[in-house]
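All chains should be built: construct the whole structure from the sequences, respecting the hints.
In order, the protein sequences belong to chains L and W. Following my numbering, the numbering of the first sequence begins with 1 at its first residue and continues without gaps. Following my numbering, the numbering of the second sequence begins with 1 at its first residue and continues without gaps.
The set of hints was computed from the structure by calculation and includes no laboratory data. Using N, Cα and C, we set each Cβ at its ideal position, and we do this for glycine too. Just to be clear, a hint being listed does not mean it is correct.
[To be verified] With a straight-line cut-off of 20 Å between C-alpha atoms, the simulated PhoX-like cross-links for lysine-lysine are:
id, chain 1, residue 1, chain 2, residue 2
1, L, K276, L, K237
2, W, K56, W, K31
3, L, K693, L, K667
4, L, K52, W, K56
5, L, K654, L, K588
6, L, K752, L, K555
7, L, K52, W, K69
8, L, K693, L, K627
9, W, K69, L, K46
[To be verified] One-sided and incomplete, this derived list gives chain L residues near chain W with beta-carbon spacing under 7 Å:
id, residue
10, D32
11, E34
12, E35
13, I36
14, H59
15, M60
16, A155
17, E778
18, D900
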Amino acid sequence: MNVNKKNRTPALATWLANRLLKSSLHEELLGDLEEIYLERVSENGKLYARIKYWLDMLHMLIGFSSLNPFKTDSAMYKHYLIIAQRNLWRNKVYSLINILSLGIGMSVCLLIAAYVYFEFSHDRYHDNFENTYRVILENTNAANEKGSSPYTTYAFAEAAKAEIPEIDSFTRVYQPDESALVTNPETEKTISQNAESFLFADKNFLERFNFPLKSGTPESVQNGMYDMVITEEIAEKYFGKKNPLGKNLRIDGGNSAGNYTVTGVLKKLPLNSHLKFDFLIPISNFWNQGNGGSAKRYGGWERQWYGTYFTLGTTASPKTVSAKLDEVLLKYEGEVLSENRGIEKTTLQNLGDIHLASDKYTVPDYAANKGNLLNVQIFIIIAIFILFTAWFNYINLSTARSMHRAKEVGIRKSIGAHKKQLATQFLTESLLVNLIAAMLAFSLAFVVLPLLNTSIGIELDYGLFETPFFWLSFTTAVISGSLLSGLYPTLVLTSLGPIGALGGGKMTSLGNLSLRKGLIAFQFVASLLLIAGTFLVYKQVTFMKNQELGMDMEKVVVLKGPTIISDMPEVTDGTNMDQIRTAQAFTKAIFDSFKGELVAHSAISAVTGSRAIPGMSQSISRNDIRKMGQPASAGKYGRSFPVGPGFVETYGFKLLAGASFSEHTTKDGHVIVNEEALNSYGLGSPQDALQQKIMMGSSPKTIIGVVKNFHWQSLRDQHTPYILRSGGGINSFISVKINTSDIAGSLGHIKKEYASFYPGNPLDYFFMDDAFDRQYREDVQFGNLFLGFSILTIFIACIGLFALVSYSANLKTKEIGIRKVLGAGTGNLMLLLSKEYIVMLGIAVVISIPAIVFLGKSWLSNYAFRTELGIDTIIAPVLVLLLISIVTVSRQTYTSANSDPVKALRPD
Amino acid sequence: MKNKGLGEFEELVLLAVCILNGEGYGISVKKEVERHSGRSILLGAVHITLYRLQEKGLLQSEIGGSTEKRGGRSKRFFKITDLGLKQLKAAQAVRQKMWQLIPQLKITLS
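Shown next as structure tokens:
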């Protein structure tokens, strides 16, 4: 019989059995297990067989393991289990609270562990990722300003490979910046695809990165210039169930139009990858004819557009290699380039570090969904907090309950139980509770994990739960946790003398109250920190949303620019400027009449075309800029982007001086700058700056207007000098400002005009303010998670507090009775019972203030524009916690204070 | 566990090993017992019992007979010892004797 992969026995169970069973038993026991497993697979199905396999395996482990706890004294163990079970059943509410709080705590830990594992697992599944590095370029200009970017030139990788023996191989990628239409010519099915769904890459891309192919082989799918590899989802969309291999797909518009042949289909890309794409196209295609052939124009040493990955030999040190790379840059760029780029240094960033350990580069990274190491660390701390809160709770609850079991201990002791036996008894109970809680935690985690995707938009996979290491550490954590949390109640109970325990009356002191108060204080601190965290995150998000942005995005509708323009004069040669100019003039003429039609409508106040829109880093160039007349070495960093006429009006930029671009008077060399640029380049007041000239690289520009500073992107970033260049040949986006409340009517008009001017283009539109706020999605998610965790922690801590209060109120029953008889009022008594918790809360506040200030400051330092930490970040959490604890405590204290003193004082 | 008598399950396992006559290993014993007693039994229980009986000296075993079906691993075949046979017979005799002492049964039978 052929044992194929499908019928393999459960790997983890076999692995465990291999480890834990005596090796002399392996042959027959594992053999038997496998034989019966195969039989069961064919008779009852795989699931049944797997479950039975596990059961049998565990049974044998217990039966044969040298650690068998049942072998020596099995009757006693059985007894312990029975007693433990009975105890759980007898106090249903108490057991439920105990198990629930532990279970919830553990499941939160599991979820966080899954999240942390997911974050750290990014890109670490590629073969040889340890020796694969991405090149990061840092340049320092003469004014000692630094810029950094993950982009290199096209020719760099080839030259480096030829000169540096440590480099085994290289792979380049290029992510285009223009969306395109992709059509299946057989069915004429057309879908507009984002720029990010395309990736150009070297031929060896699929050999370097382990993205598994569903069909095709990694070596052969990218041979021709028009070979294209697509993902499963795309294949499904265009070809349905049919085999897409050998079929054609046509790309219109975008950076590299043409007819492509599908040569391979990739399985769904893993979520934990910094590269995301749907269409993989050979980079040679882009190099030879991308952007209508213009990619090649600069000889391969000027345009820094490409991500470069090097795989080094196992013995090579990245430091030495990056020093050699610097020399390569110096040598070649010096020869080719006329312009001085400043001093360029490379660093090699390990493939596994891209997701979490990437800095913010001056030029935005092409890597998708960058993680945040600080957030991951904060979550680890939260997980530890929650787990310990839950365990401390268990300690508090069981110690509080232990006085009810004092009699049991007394009887056991007087009929001859040893301390050790009693300890085993209580530890067994603790283990049982922890195990049940662990199972609950697993079920909860498995139910909640998929919900996380939909409710807060965090996509995770189950990767963590497939690693044996996780199971090993989880089991260790549960067992040691239950021993640790069971230890204290056990010590308390076993140290009771039989006489004392049986002596009747209430126990006056059981266990060390101050230790338990300490535990409660810890829970208070944890709750305070989490509430403060929640408060701060929401405060910062609100601050960012309400911040004056320097532009007005309300009621601005953005249309994706057309990718097909009918009757456009063809550009046959990308280096022929005349052809390009004719085509651009044609495009502009159509756009101008489209714009004219729109503005003519009463509800529309302004229309503009641009390649960049607020909130996006696409099409923003990074320039070396200086005031004209100053030496090239005085150049400083600035950003620029081309805009068409009407941009300033559509987005409501506030002009401080000068005028905005207009159709007729504006020339190519005209620019509008922001205030920060005035400061940075020493241009004086807005009025003074008008008509002055600045140098962008080697071309002079005349300032015709100055606008107030604006936040082009999230408030994480500082104000930067921005130069708005006059331009507008390519309209990736068309923004329309609507000035009535009749949005629907205006949209209808826009749709009609768009269809008549740009037939064949699908109309994609969105509202600018929504799109801009989406930048804060990550922050909002972070806040939501924080909120959820704080609620859980507070909930768990409150249960513990409640238990402690009821315990101490119980101890003081007689005292309360006497005080009542002597005339104390309910209020006085409640204060008497609650004041110690108020004191503990006070201690917790004192401890947590420095922690809140320190952690809060370091989190806020992520944001260039941040809210004040403020006294409210401390006061609000304290008030919230105070209120919650008062509610928790007063219920019990009120009952005690109101109870009948006669009952309390009657002798038992 | 110094008690010399056989437990009920032990007796069933011993009988199964006898029936299988040298071909008895974990799974075949399990199936044999299941077949005759009509109840389902855990594989682990069979193994544990087989080993316990061996420790008591009622069974002996040897390694042999691997098949591809079990991933090339060999089986451990069990055989009854003289002591085992003696104990089985003793158990049988005790029962026999006691059966005959039941009054009603005696009447209806005769």
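Hint check:
A threshold of 20 Å between alpha carbons decides the hint, and for K276(L) with K237(L) the separation of about 18 Å falls inside it, so the pair holds. Simply put, K56(W) and K31(W) have alpha-carbon atoms about 23 Å apart, too far for the 20 Å limit, and the pair is violated. Between the alpha carbons of K693(L) and K667(L) the distance comes to roughly 14 Å, so the proposed pair stays at or under 20 Å and holds. Among the hinted pairs, K52(L) with K56(W) is inconsistent with the structure: their alpha-carbon atoms are about 29 Å apart, more than 20 Å.
Our distance criterion of 20 Å between C-alpha atoms is broken by K654(L) and K588(L), whose separation comes to about 27 Å. Simply put, K752(L) and K555(L) have alpha-carbon atoms about 19 Å apart, close enough for the 20 Å limit, and the pair holds. A C-alpha spacing of about 18 Å is found between K52(L) and K69(W), which places the hinted pair at or below 20 Å, so the restraint holds. A distance of roughly 7 Å separates the Cα atoms of K693(L) and K627(L); the hinted pair therefore holds under the 20 Å criterion.
Restraint check: the Cα-Cα separation between K69(W) and K46(L) comes to about 16 Å, which is no more than 20 Å; the hinted pair holds. A cut of 7 Å between beta carbons decides the hint on D32(L): the least distance to chain W is about 4 Å, and the hint holds. Look at E34(L): its Cβ gets to within about 5 Å of chain W, closer than 7 Å, so that hint holds up. For E35(L), the interface hint holds, the least distance from its beta-carbon to any beta-carbon of chain W being 4 Å, beneath 7 Å.
The interface hint given for I36(L) holds, since its Cβ lies 6 Å from the closest Cβ of chain W, which is under the 7 Å cut-off. Interface hint at H59(L): satisfied, since its Cβ lies 3 Å from the closest Cβ of chain W, which is below the 7 Å cut-off. The interface hint given for M60(L) is met, as the beta carbon of that residue sits about 4 Å from the closest beta carbon of chain W, less than 7 Å. Hint status for A155(L) relative to chain W: violated, with the closest Cβ pair at about 55 Å, above 7 Å.
Checking E778(L) against chain W by beta carbon gives a least distance of about 49 Å; that is not within 7 Å, so the hint is violated. Interface hint at D900(L): violated, since its Cβ lies 58 Å from the closest Cβ of chain W, which is beyond the 7 Å cut-off.
Of the hints listed earlier, those the structure fails to meet are numbers 2, 4, 5, 16, 17, 18, in rising order.
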